[in-house]
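A.B. asks: Its first residue numbered 1, the sequence shown is counted upward by one per residue in UniProt numbering.
Everything labelled a hint here was simulated from the structure, so no lab data went into it.
Accuracy of the hints is not assured; some may be wrong.
Unchecked claim - BS3-like, lysine-lysine: derived pairs with alpha carbons at most 27 Å apart:
| no. | residue 1 | residue 2 |
| --- | --- | --- |
| 1 | Lys224 | Lys3 |
| 2 | Lys224 | Lys16 |
| 3 | Lys3 | Lys16 |
| 4 | Lys48 | Lys58 |
| 5 | Lys58 | Lys194 |
| 6 | Lys16 | Lys187 |
Values in this document were obtained by computation on a predicted structure and should not be read as measured data.
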Amino acid sequence: MDKLFGWERFFENIPKILPYLSVTFQIVVYATGFGVLLAAFIVLAELKKIPVLNPFFKVYVSFMRGTPMLVQLMIIYYGIPALIDPVFGTNINRGFSAVTFAYITFILNQGAFLSAIFYGAITSIPYGQTEAGFSVGLTELQTFRRILLPQMVRIALPPFGSDLVGLFQNSSLVFLIGVTDIMGRAKSIGAATKHVLEAYVFVVIIYIVISLTIRLLFYYLNTKLEYGREGVE
Numbered sequence: 001m002d003k004l005f006g007w008e009r010f011f012e013n014i015p016k017i018l019p020y021l022s023v024t025f026q027i028v029v030y031a032t033g034f035g036v037l038l039a040a041f042i043v044l045a046e047l048k049k050i051p052v053l054n055p056f057f058k059v060y061v062s063f064m065r066g067t068p069m070l071v072q073l074m075i076i077y078y079g080i081p082a083l084i085d086p087v088f089g090t091n092i093n094r095g096f097s098a099v100t101f102a103y104i105t106f107i108l109n110q111g112a113f114l115s116a117i118f119y120g121a122i123t124s125i126p127y128g129q130t131e132a133g134f135s136v137g138l139t140e141l142q143t144f145r146r147i148l149l150p151q152m153v154r155i156a157l158p159p160f161g162s163d164l165v166g167l168f169q170n171s172s173l174v175f176l177i178g179v180t181d182i183m184g185r186a187k188s189i190g191a192a193t194k195h196v197l198e199a200y201v202f203v204v205i206i207y208i209v210i211s212l213t214i215r216l217l218f219y220y221l222n223t224k225l226e227y228g229r230e231g232v233e
């Protein structure tokens, strides 16, 4: 009878799983990049109190922040085709790969979470600093870029880093809709070999190492931004 865990099988799984890390990274990069853009638009709509958009985004952000990622993934993957296919006579699941639905889900999720981070950061800066920028002849854009944005980045950086770690870890859910990332590959190896532990242990190590690396990176960046701030205050 084979052992429950074998180091030989563990090392054999490494080259089988590692290439699929690129799928996970792609999800994180797309979700972060487009999520930042979406979050900036949401914050702008909230700050400007744009009719229709502002209340819509409030409901949207509340929903995305108040429901589990798994529920959101299932709603996007099964809900969009269920709504659109009968109307247009299409088959979206056949026309688009599962990873496309994963991109959509994570972008929408990040847009909501990052908008809350950005909105909290910008509203925590006293309005007197904005007025000071106007008083010396700066435009609204110049005031934001030169005065507000540097402070906003410093305030938003720690929660942004924590959110990025959460995004990376939550990306493991995409295998549930058929996306072959590192978790999906580990599952397929386990199904084929009847030995699941070695593959999953390696995946856990990957998540731990990368999560710690992200945390250390943002800790370093935050330390660099905070350097000298105490003396100024």
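A.B. asks: Please list, smallest to largest, the hint numbers that this structure does not respect.
C.D. replies: 1, 2 and 5
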